[in-house]
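**Student:** If you want the building blocks of each chain, they are given just below.
Number of protein chains: 2
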Amino acid sequence: MEDCDFNINIAVVGMGLIGGSYAMALRDLEPKCVIGIDKDKYTLKSALDDGIIDGAYESGGDFLKEVDLIIVALYPKDTIAFIKNNLQYLKKGALITDTSGIKQDIVENINSFLPEYLEFIPGHPMAGKESRGIKGASKDIFKGANYIITPGGKNTSRGLQKIDKMARAIGCSNVTYISPKEHDRIITFTSQLPHVIAVSLMNLHEEEYKDSIELFTGGSFKDATRVAQINSKLWTELFIMNSDNLIEEIENFQNSMEILKKAIMSKDISTMRCIFEKSMLKRKELVKGQ
Amino acid sequence: MEDCDFNINIAVVGMGLIGGSYAMALRDLEPKCVIGIDKDKYTLKSALDDGIIDGAYESGGDFLKEVDLIIVALYPKDTIAFIKNNLQYLKKGALITDTSGIKQDIVENINSFLPEYLEFIPGHPMAGKESRGIKGASKDIFKGANYIITPGGKNTSRGLQKIDKMARAIGCSNVTYISPKEHDRIITFTSQLPHVIAVSLMNLHEEEYKDSIELFTGGSFKDATRVAQINSKLWTELFIMNSDNLIEEIENFQNSMEILKKAIMSKDISTMRCIFEKSMLKRKELVKGQ
Numbered sequence: 001m002e003d004c005d006f007n008i009n010i011a012v013v014g015m016g017l018i019g020g021s022y023a024m025a026l027r028d029l030e031p032k033c034v035i036g037i038d039k040d041k042y043t044l045k046s047a048l049d050d051g052i053i054d055g056a057y058e059s060g061g062d063f064l065k066e067v068d069l070i071i072v073a074l075y076p077k078d079t080i081a082f083i084k085n086n087l088q089y090l091k092k093g094a095l096i097t098d099t100s101g102i103k104q105d106i107v108e109n110i111n112s113f114l115p116e117y118l119e120f121i122p123g124h125p126m127a128g129k130e131s132r133g134i135k136g137a138s139k140d141i142f143k144g145a146n147y148i149i150t151p152g153g154k155n156t157s158r159g160l161q162k163i164d165k166m167a168r169a170i171g172c173s174n175v176t177y178i179s180p181k182e183h184d185r186i187i188t189f190t191s192q193l194p195h196v197i198a199v200s201l202m203n204l205h206e207e208e209y210k211d212s213i214e215l216f217t218g219g220s221f222k223d224a225t226r227v228a229q230i231n232s233k234l235w236t237e238l239f240i241m242n243s244d245n246l247i248e249e250i251e252n253f254q255n256s257m258e259i260l261k262k263a264i265m266s267k268d269i270s271t272m273r274c275i276f277e278k279s280m281l282k283r284k285e286l287v288k289g290q
Numbered sequence: 001m002e003d004c005d006f007n008i009n010i011a012v013v014g015m016g017l018i019g020g021s022y023a024m025a026l027r028d029l030e031p032k033c034v035i036g037i038d039k040d041k042y043t044l045k046s047a048l049d050d051g052i053i054d055g056a057y058e059s060g061g062d063f064l065k066e067v068d069l070i071i072v073a074l075y076p077k078d079t080i081a082f083i084k085n086n087l088q089y090l091k092k093g094a095l096i097t098d099t100s101g102i103k104q105d106i107v108e109n110i111n112s113f114l115p116e117y118l119e120f121i122p123g124h125p126m127a128g129k130e131s132r133g134i135k136g137a138s139k140d141i142f143k144g145a146n147y148i149i150t151p152g153g154k155n156t157s158r159g160l161q162k163i164d165k166m167a168r169a170i171g172c173s174n175v176t177y178i179s180p181k182e183h184d185r186i187i188t189f190t191s192q193l194p195h196v197i198a199v200s201l202m203n204l205h206e207e208e209y210k211d212s213i214e215l216f217t218g219g220s221f222k223d224a225t226r227v228a229q230i231n232s233k234l235w236t237e238l239f240i241m242n243s244d245n246l247i248e249e250i251e252n253f254q255n256s257m258e259i260l261k262k263a264i265m266s267k268d269i270s271t272m273r274c275i276f277e278k279s280m281l282k283r284k285e286l287v288k289g290q
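Residue numbers (full-length UniProt numbering), protein chains in the order written: chain A, 1 to 290; chain B, 1 to 290.
Take these hints with a grain of salt, some might be off.
One copy or any two copies: either way a pair holds, since identical chains are not told apart in the list.
What the hints assert, rightly or not - For lysine to aspartate or glutamate, the following EDC-like pairs were computed, each having C-alpha atoms within a straight-line distance of at most 20 Å:
1. Lys267 / Glu249
2. Lys267 / Glu248
3. Lys267 / Asp78
4. Lys91 / Glu206
5. Lys262 / Glu251
6. Lys222 / Glu277
7. Lys288 / Glu207
8. Lys233 / Glu248
9. Lys154 / Asp164
10. Lys288 / Asp211
11. Lys181 / Glu208
12. Lys278 / Glu207
13. Lys284 / Glu208
14. Lys91 / Asp68
15. Lys278 / Asp211
16. Lys267 / Glu251
17. Lys267 / Asp68
18. Lys129 / Glu285
19. Lys92 / Asp50
20. Lys261 / Glu251
21. Lys92 / Glu119
22. Lys222 / Asp244
23. Lys233 / Asp268
24. Lys84 / Glu251
25. Lys284 / Glu207
Since the hints were made in silico from the structure, they are not lab data.
I would like the entire structure built from these sequences, with the hints used as guidance.
**Tutor:** Written out as structure tokens, the structure is:
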């Protein structure tokens with residue numbers, strides 16, 4: 001039996017949008033068994049009824065002794081807590097991965113208490129949508145998505161390869177390896193800052209603009225605010241865990257905007273055109289070949 | 001013959017993305033004749049070859065004496081200049097409309113020199129795409145789009161109805177009437193500010209992030225920068241013509257972002273969650289029923 005084989009027992013912790021989607025996508029890999037863990041019993045019942053999982057538990061416990069691969073799809077703090085609180089149940093050689101959008105804090109924290117006989121492979125599937133909960137789950141969210149693995153210094157090739165293969169097997173297109181620190185720095189620019197912008201733009205005006213947006217937009221406002229429909233508990237955690245990077249990047253953005261603002265104020269046509277030419281070329285490059 | 005009839009001679013000035021799309025869309029209304037005016041003879045040849053227009057001229061002239069409806073699809077300053085420079089050719093009772101994204105400056109300027117026997121109906125079709133020139137033109141850009149008419153005080157119901165009917169006939173879903181001043185104020189929020197943001201975000205980092213964006217995004221960065229592929233000449237004009245509104249709105253946005261930044265800096269969880277809940281509900285409301 002090859003290492004790429006997923007004929008193993010898998011547990012998915014947190015059966016929300018991401019966890020539910022994992023359970024659905026893993027089904028196609030024909031695992032021995034997929035167990036769902038969620039504190040909400042209605043979520044578990046729905047997952048069982050739909051045949052997404054084979055067994056359901058409201059929390060960890062003895063049954064984890066049979067599990068080979070644990071995918072923790074909880075919020076960052078809950079992810080750390082779940083692993084910490086269930087160490088006594090985990091089987092020697094079990095692989096644990098997560099789905100958190102911020103890595104350095106989590107990797108350092110988990111590695112500080114994880115015994116040698118367990119391995120934590122930090123993962124960040126860049127998949128999601130605006131809806132929440134298992135009702136929005138779909139194995140299609142992984143199709144063509146980016147998957148980032150951030151080895152934390154305690155990883156083995158066995159562990160990394162398993163998660164790499166899983167990511168590709170559920171449909172992700174790109175699996176990228178990068179350090180937790182570098183991951184967080186880049187994600188600040190490519191994901192957290194766009195969320196800060198979307199939220200700040202969405203909250204700019206009160207009711208008086210409510211109907212106007214619909215009638216006076218060619219689409220730019222809607223594009224810029226798509227991710228303003230944000231999960232407040234999750235993103236508060238993600239931002240606070242990455243606050244140093246994020247504050248620095250917000251300030252970089254503020255400076256970039258200030259340059260354009262000053263050019264507009266002084267009606268400096270040549271600077272404005274230079275700024276626009278630059279952004280036009282950079283954006284064109286970004287979508288080249290798509 | 002009803003007033004809704006487009007069995008008239010129409011001239012489209014500027015056969016770029018917007019002008020070319022007008023010519024194509026107007027074809028379905030079976031006008032007597034559509035004349036294209038563009039300084040680029042290759043553009044004119046292409047439009048003639050494709051049967052989009054019946055006649056072609058590189059500038060205005062005597063032929064305008066036969067034209068009932070003139071659609072000026074040039075940049076704002078060129079729009080004003082074209083009308084001013086061709087007054088002597090224009091037929092008594094002819095209707096003139098434009099496509100500019102900013103209205104107050106243009107409406108005041110044109111009304112200041114337009115003789116009583118001509119009528120200018122200011123129009124803003126909120127249609128477009130990232131490509132430029134007649135090659136990107138398509139009558140489909142108007143399908144379901146917003147069309148704004150900003151009466152300037154000198155308009156007749158005959159003139160307004162004609163442009164209203166034309167906008168609906170070429171496929172626009174919503175035709176909205178609003179004063180030029182109010183139009184510019186709202187557009188600042190719903191369109192100009194999102195462009196300022198997209199450009200400032202796109203220009204934030206240099207080459208070192210080029211490959212990262214592709215591998216480390218779930219889509220939020222691409223959505224937020226779609227309109228960063230901007231037409232530099234056009235948008236420089238639009239921003240300068242509306243600079244007072246735009247500077248004020250950029251500052252409103254800077255303040256909105258500063259509130260979130262301060263909450264992140266002080267790890268003020270309750271304020272952060274409050275900000276996110278608000279944006280989540282507002283964004284949800286925006287796309288309700290779509």
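**Student:** Hint by hint, work out which the structure violates, then give me just those numbers in ascending order.
**Tutor:** 4, 8, 17, 19, 22, 24
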